[in-house]
Amino acid sequence: MVPLSWYILLSTVVFGIGVIGFIIRRNLIMIFLSIELMLNSVNISLAAFSHYLQSMTGQILVFFVITVAAAEAAIGLAIIIALYRHKPSITAEEVNLLKG
Amino acid sequence: MLILIPLLPFIAFLINILFGRRFIRDRAHYVSIPAVVGSFILSVGAFMDVLDGRVINVNLYEWVISGSFVVPVGFLIDQLTAIMLIVVTSISSLIFIYSVGYMHGDRGYYRFFAYLSLFVFSMLVLVMSNNFLLLYFGWEAVGLCSYLLIGFWYERPSASNAGKKAFIVNRFGDFGFGLGIILIFLTFGSLEYLKVFSEAGSILGQKTSIFGLEVETITLICLLLFCGAVGKSAQIPLHVWLPDAMEGPTPVSALIHAATMVTAGVFMVARCNPLFNLSHTAMTTVAVVGGVTAIFAASIGLVQNDIKRIIAYSTVSQLGYMFLALGVGAYTAGIFHLYTHAYFKALLFLGSGSVIHALHDEMNIQRMGGLKRYMPITYWTFVIASLSISGIPGLAGFFSKDEILYRTFLGGGTGKILWVLGTIAALMTAFYSFRLIYLAFHGDFRGSEEQLRHVHESPPVMTIPLILLAIGAIAAGWVGIPSIFMEHGDRIGEFLAPVLGRPEAEGAHSTEVMVMTLSVIVSIIGILMAYIMYVKKTDLPERMGSALRPIYTMLYNKYWFDEFYHVTIVRPVLRASEKVFLGFFDGRIIEGVVNGVPDLIGSFSQRFRRIQTGLLSSYGLIMVLGAIIIIWAVIFSR
Amino acid sequence: MNNALMNQLGYPVLTVTVFLPLFGAILLLFIRGKEAIRWITLLVTTLTLLVAFPLLSNFNKDTHLMQFVERHEWLPSWGINYFVGIDGISILFIFLTILLSILSVLVSWRAIDTKVREFHIAMLLMETAMLGVFVSLDFFLFYVFWEAMLIPMFILIGVWGGKDRVYAAIKFFLYTLAGSVLMLVGIVVLYFKGGETLNILELSRIRYPFLLQCWLFLAFFVAFAVKVPMFPVHTWLPDAHTEAPTAGSVILAGVLIKMGAYGFLRFSIPMFPDATRFFAPVIVVLSVVAIIYGALVCFAQKDMKRLIAYSSVSHMGFVTLGIFSLNSQGLEGGILQMLNHGIVTGALFLLVGIIYERTHSRMIADYGRFATLVPWYAGIFMIFTLASIGLPGTNGFIGEFLIILGAFTSHREFGVLAAIGIILGAGYMLWLYQRVFFTHQSTVVRDNHEILDLNKREAITLLPLILFVFWIGIHPNTFLDYMHTSVEHLIRQVNITDTPGTFAEYINLIGGYR
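Residue numbers (numbering that gives the first Met the number 0), protein chains in the order written: chain A, 0 to 99; chain B, 0 to 637; chain C, 0 to 513.
Simulated from the structure, these hints should not be mistaken for lab results. It is possible that some hints are incorrect.
[Said to hold, decoys possible] Quick look at which bits of chain C chain B covers, simulated, 3 or more residues with Cβ under 8 Å:
hint, region
1, 291–302
2, 326–334
3, 403–412
4, 423–435
Every residue gets a Cβ at the ideal spot worked out from N, C-alpha and C, and that includes glycine.
Build out the structure end to end from the sequences listed, making use of the hints.
Structural data, given as structure tokens:
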């Protein structure tokens, strides 16, 4: 029986990797993957808590998150592709149209 | 029928102004003259109606109703109105006829007759009204006509300036007049003459406070009304518009600025005599303003060179006489002088118009001379008018002016001083009138050859009115012969007595003879002086002018009144408007705030927009930091 | 209370009147061809006048109650109704609005040649919104119309305006909106304090605590003061007027700025009588400042439209002065002067627009000796100049005289000061007239011998206004008759008092508590 704290630790580590990746990576695809990492880390902790509390709510939420992540991935990738058609790179710094 | 008296000229005005330019053009007088003559005939009828002392008071309809404020459009024909009707319509008729010759060939011929008809309409409404508001209507409407006619030749900047000046200066007077009317309404609850006058006595002693001052209501009312009279009748300090008004065509000067409109102030004060009688202060003010104006304007007249301006100053001076009479309670004398003055002053103006016409718009008397030979009718009628205004016995001016001086003399201490002023003014009047005659009609012609070749007597259409007016200038006074000459000679006084009352003080016959003799002597001295200076020793004026240089300069520049107003009113208003109000208040302060607020918001957003880097990673970093801070706060806030 | 309110006509006459122009605007969407659009707009506006005529003939002058009332539930859960009706104060403005709308269409016949359809749609929407404001008896409805007026006007100025049109349009919009927002707050407060209703008549019947009255009065005051416009929130007016197309200026001067004064009459005075009496002296002072200030600023103007715009500030000062004299002469004079100002200033803007079409200049210095060139035009301009300076016999006189009489009765010194405005008015208007029509010719005029006098269309446009100038001047009772009962009622409402009345007494009261 793996104790709950291990799951949480795993989740935290994965989330941290995601956060750091989100901040330091430049390639939009990598940033995207980092976001997925964060989402999945949350999924891990949700599933763990669900098991620990013997409640289905957590697992239902996991499905929600997976769905949202899938939708987000679809839209996000579409945007990236659209962007790539206009610019020869997908480096985050070059996509600064929102600069005030 | 009565309504037709003002309505006929008004219809003439409408026809001329609407159809004049296309259809009527130089036939405009066929519309206007019958209308005015028609009014004259009807006026004579009205005069006959009130001869036995009746008073006609009709209301046509309610003009304005608002709460307790109810004012009708209505007419009051009493003896005073009847006299005014006769004066206005008779002189208008003559001047209309004269204008046919004088304005012949002018581009604005139809316009001239239209405006002149409108003027007659307004003037008739003014004198016929039975309440103050309708009086005010006529008052402003004659002002409008005056404005339009002074600026008749609007291509000349001086003419349009003079018209505007006349209107605005009059507005200063009307400012007081209007407030006076309002105060009358608030005091009496009505604006109808008969009601107001019948209740006038009941407000004696009542006080009104305004701007922290406690003033007797009746005095305040009278002074405010008098403001209007000062403006309209060109008394000090609002006289400045009248000399400039001479920019208008000469018939206009004769009709509006000599015979009728400018006497509206006199008429109004006489009309309100039940009010004025109650206020000693107001009466004294009227008398003093009148007396001072009489001598003041006469003194300016001494040195002017423009033929019409001399007569204009003479008018101001004579109006001063009328107010002097009103101020000492001799209302009849004032109205009597108004009536005689209308004839001889109109004659003077028309005569000068005849001269100007003959010399092709020459107005400087220094450039005339010897015209007696070329235009005898003009000359002789002019002389009659001048003798009349100088007060030579037997002529119209003698009777009325003498009556005024006599009544003033009887008017106590102030009266004596004013009488002295009046007598000196009479000397000046005689002097400048004959200076004008000697310079213009005697000696040699001093204008150009070109002018001399064209000098001619005016056509009959102009000279006949001159002759008719000359008869008036001689005979108009015969209705007011003093009782020392003829029992019941003062018929006009008896006629007007129901409206204006009778002067209380009656002096000894010897006093009257003394005053009369003195004023006649003074007039003759004036004429002689003019004769000596301008016929015998023609170098004398030059020498005197340089000997009395400061006085001469002051008189020549009309005591610098215009300059004074320019510096104290006109320029400050324009400056303040441009620099202070528009530039500073509107431009800086209000617009500063209005545009400042958006600018402030703009500058803030300029600063804050730097946060928006457009870099995903920096947004991410901020998000993470934010999340950490929130978690931190949640954990450690317990 | 419903039985007291009546609709003496069997059909919803007000709804038809108000929404007919809107219907016309929708119709225009399907019309092709500029001429056709113009004719249809003219037809619709004229039809509106015809439809509204029964209002005049069936109007009962003996009651202050609302007439031709219609009432339907709209959003019942919020207490919002579609509730319209008119009384002796609003009826005259209905007709002023309709008349000026017709004239605006006529004057734009040649002046507007781009985006014709959109222009006329905006005009018709504007008419519906303006009429709506005057008939609304429900605050929600009122506010909808009130704000709806902004949009077409914003578009009219911003699209068909002059050089700085965008600046002027945005300034106009923001100024008015800033004021209106405070009014919205006031309405919300009224909704909760007045028993969750937005019925203007019911809200007028409640007596609010004095302090609340004061706050509400101020909130509404800001909105109305901007619209009037009162000093010192008047600076949008010259810009908006100068940049707006002629029709826009006419509507703006003729109707839009009357909304503020109408608001005072309909809301501020009956709903907050104590606050009205408390603030009346302040407003009287502001009015007198506006009269003199507006007049003085006119002297420095170089642009005809700007001059007339500033003269509006002065004239509207007379209106507010009259209204806050709070006596029958002042109020009736004020209301009449609103009409007068609509007619006279509307006409002056029309006239400037007419000449602008020929010379393409509004600068006074570009004119001179115009009287010779265009005598009819000069004559008509003279009539309106005289009406503007309040010559007896014209409408301006009756209004100004009643106002000064009213002001003199209640605040003597300010009546006197206001009368100075009349002197100044004569000054700037006659000076303007002189510079445009008399004296020397400017180069613009000399090079342009082709300037034509008024054509038939323009003459027809001006004729009704001339008629009204003299009608009101000579027989004002035709118009005053409509307002007597309503004004009497208004005075009764404002004088219901259980707290002391004058400013000085309030000061004493505050001092007493301390």
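Quick rundown of the hints versus the structure:
Counting residues of the region 291–302 of chain C whose beta carbon lies closer than 8 Å to any beta carbon of chain B gives 7, which meets the minimum of three for the stated coverage. Closer than 8 Å: that is the beta-carbon criterion, and the region 326–334 of chain C has 5 residues meeting it against chain B, so the requirement of 3 holds. Taking a C-beta to C-beta cut-off of 8 Å, the region 403–412 of chain C contributes 6 residues in contact with chain B, enough for the three needed, and the coverage statement holds. Given a C-beta distance limit of less than 8 Å, the hint that chain B covers the region 423–435 of chain C holds, as 6 residues qualify and 3 suffice.
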